[in-house]
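Got chain D; can you put chain E with the ligands on it based on the hints?
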Amino acid sequence: MKDEDIKRWQMTLEVGPNASVHDIKNSYLRLRKLYGGGSIVLEPLEDEFPEKRRMKILVDLEEAYTRLLELHRNRTSPGRPAGEAAEAMAVGEGPPGGPATEPGAPYAIEETVFSGPALRRVRERLGIDLIEISKQLKLRTELLKALEEERFEALPEEIYFKTHLKSIAACLDLKPGKVVEDYLGRFREWKRAR
Amino acid sequence: MANTSHIAKEGEIWAVGGGKGGTGKSFFTSSTGTQLAKKGRRVVLVDMDIGGANLHSFFGIGRPQKSLTSFFEAGSKLSDLTVGTELPNLSLITGDIHSIASDNIKFGQKLRLFRQIMKLNVQNVVIDLGAGSHANTLDTFLIADKMIVVIVPEVIAIENMYHFVKNTLFRKLKSTLKDYGFKEIVQHIWDRRQSYGIKNLKDLIEYLKASFSYIGTILDSELANFKIHIVVNMVRSNQDILLGASIKSVLNKFLGISILYSGYIEYNDVVWKAVRERKPFMLNYTATGCAKQVETIVDNIMHGREVSVPGG
Ligand SMILES: Nc1ncnc2c1ncn2[C@@H]1O[C@H](COP(=O)(O)OP(=O)(O)OP(=O)(O)O)[C@@H](O)[C@H]1O
Ligand SMILES: [Mg+2]
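Protein sequence lines correspond, in order, to chains D and E. Numbering-wise (the numbering used here), the first sequence opens with residue 1 and increments by one. Numbering-wise (the numbering used here), the second sequence opens with residue 1001 and increments by one.
The following block holds chain E by itself, in its conformation from the complex:
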């Protein structure tokens, strides 16, 4: 695992993931980046969807001249790979279109990438993680100051999101304790969890705290910063909106994870219409409910606020 906690960061890093494909991560990343830029911030978007990079399409960019491929294969500097957009203070680093598989990124490459992401001379970096819960994806998620998951109101998306969040937390646990000399112990106990009477991550954390008293304080302070922002996309009813509140409750009560329900975005055909027309959504459809909702979400994430849900 890459420990990058000692690197001084330039801008605030937001990362957008969530496990399931097609939930609107790229739409949300592009819209959020545009919104932050409209608020006057200098922003770079990074497409880390290895193998499925398409963030550039949301800006009407057909075939990008530069991409992460040259970062990995030719040793280019990340800051030399930005591509401009309609907004002068918003640029984009396109994903690796020649799709090397995520597994092929070596540890050293990953660390180099993380360092350079942190050194980008901007106020906000927004990373599109793509789908899946690959170790590299989780590690990228973990370097973010704001960890954001985008889900849609359906069972599989919720299942995948739990998987994603649990794996992220597990990886966080391991990397935290590794720094304190507990190299393999977390994995060791987890692999034998049955004999320890451990059923879930919450049990594991409680077990660790009870068994090694000084771990308790470390975990408490590290996990206090472990906050996940939830965005529910493609909502069609009040019930869909409430899902965000339910997930927050369940992740908190069952796994002890802090969640901020940042907001929801309604389903609207203009979203894919904008992509088809190659028009950045937040510049061309500002009057829509979706655009207003993205604005609210961005403000909420910036200030650590939450959306209010309709009465139960």
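The following block holds chain D by itself, in its conformation from the complex:
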């Protein structure tokens, strides 16, 4: 790794050269949430800065985070399973609004809100067929399709498909908590509007 790359990643994540894994992770989560959209700090600048710009920042954050943790792992314990760094990587079901996937999962990087179409895009990028998921989860393809197309009227009660969403998220290597939260948010909005 080149020094200027490391510097760039540190700038992207807004951490100093001596930041601990903990600092790096905190900063990553904070920025990920900020640039995930919907912040009153971003809204006033939306006209001047196209959506593309925000997406690019999200991609850069993802890269910087993965690389800086890698760097830490190599520094602290060559050969041994990385302790602190590995823990930070496994953000798991962390706070809502945190990273949507295991960092470094490139097929989900562009997705910030897991709508139906977003789930389909991730699935397609992974090259997984609906039928495959249907078989694995023992769910009707019609239901999966309705979920992806957000044909909410065709879905069963919330409590039923909530479990389905979780298993689908697991199949796509996404964080179940975040997927359920995003998707249900959209579903409920639709329901309210009706």
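The set of hints was computed from the structure by calculation and includes no laboratory data. Please note: incorrect hints may appear among the correct ones.
[Said to hold, decoys possible] With a cut-off of at most 20 Å between alpha-carbon atoms, the simulated EDC-like pairs for lysine to aspartate or glutamate come out as follows: (1) E/1202 / D/47; (2) D/33 / E/1154; (3) D/56 / E/1154; (4) D/52 / E/1203; (5) E/1199 / D/46; (6) E/1199 / D/48; (7) E/1202 / D/189; (8) E/1202 / D/46; (9) E/1166 / D/46; (10) E/1202 / D/132; (11) D/52 / E/1206; (12) D/56 / E/1206; (13) E/1202 / D/48; (14) E/1273 / E/1086.
Frame of chain D, contents of chain E with the ligands only:
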């Protein structure tokens, strides 16, 4: 634009602005001045809130005997207009209470004012700019060694602050390049920005650098000193505190501006109570969280440090 870069300064100038009204600029200016004085420095506060001057109220001064009015209208010397406070090393130059509008200040008057501000025989001048983004307000902001914006956690304050900061940067760009013979070019390009594919100030700066290679170095060195200190006032939650960090990030990533998040001050009713009782806050409520937070902010601004934010 007034170019005052050649005038040797006496004290360090701090200027407090931010665009939106009622965010606590005057409270912060008065508290900061008092805090600097308590640390033993000789300080003068200048109320430049043309039309809304009320800094004297924060010191329990009812109707000041002297004010900037006589500077503008009778040609008085600025250093003759100071009014004392409870602290021997802290004095105040009251704003123009007879409120001539900001537009009425002529270029020559402005330059005269800036020169005399810089020549005040003190260690710190703290200027209350008042609300708004008027050209005179921005120019005053730009003569400061420490440019400070005070915001509160709400959308309009954030919007106004962006407007204020962007206009300040634009004015800085213009005045910098004017010195190098690029008189009208910045405005010219900005007015036709659509045809240049320029969407924002960052694009403009990049365009200028790419088109005129020697401008690049000038801008790099001038803009390296362009740092804005942010104070978030009236915070009520951790989320409010984080706003300062978010604004820092966004202004830096989107506009390339360096920000120092100097600190936050919690919301507390004792602030307006102090004003009502005509008691200087930093002399009478020293045990409050607000007072401690002002102390931290002043130290941070003095030393170019930042507040640490709670974990994301
Ligand atoms: N941290 C705080 N907690 C509670 N009240 C506050 C706080 N800071 C300021 N205030 C109150 O808010 C009001 C506005 O403050 P201040 O006059 O300092 O704002 P300003 O930015 O100078 O306004 P203007 O733009 O009109 O000059 C005052 O009544 C003040 O007492
Ligand atoms: Mg005021």
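Each hint tested on the structure:
1. E/1202 / D/47: 14 Å, holds
2. D/33 / E/1154: 18 Å, holds
3. D/56 / E/1154: Answer violated: residue 56 of chain D to residue 1154 of chain E is near 27 Å, above 20 Å.
4. D/52 / E/1203: Answer holds: residue 52 of chain D to residue 1203 of chain E is near 15 Å, not above 20 Å.
5. E/1199 / D/46: 11 Å, holds
6. E/1199 / D/48: 6 Å, holds
7. E/1202 / D/189: 37 Å, violated
8. E/1202 / D/46: 14 Å, holds
9. E/1166 / D/46: Holds, because 14 Å separates the two Cα atoms, which is no more than 20 Å.
10. E/1202 / D/132: 48 Å, violated
11. D/52 / E/1206: 18 Å, holds
12. D/56 / E/1206: Holds - the C-alpha atoms of residue 1206 of chain E and residue 56 of chain D are around 18 Å apart, at most 20 Å.
13. E/1202 / D/48: Given that 20 Å is the threshold and the Cα spacing comes to 10 Å, the pair holds.
14. E/1273 / E/1086: 19 Å, holds
When each numbered hint is compared with the structure, violations occur for hints 3, 7 and 10.
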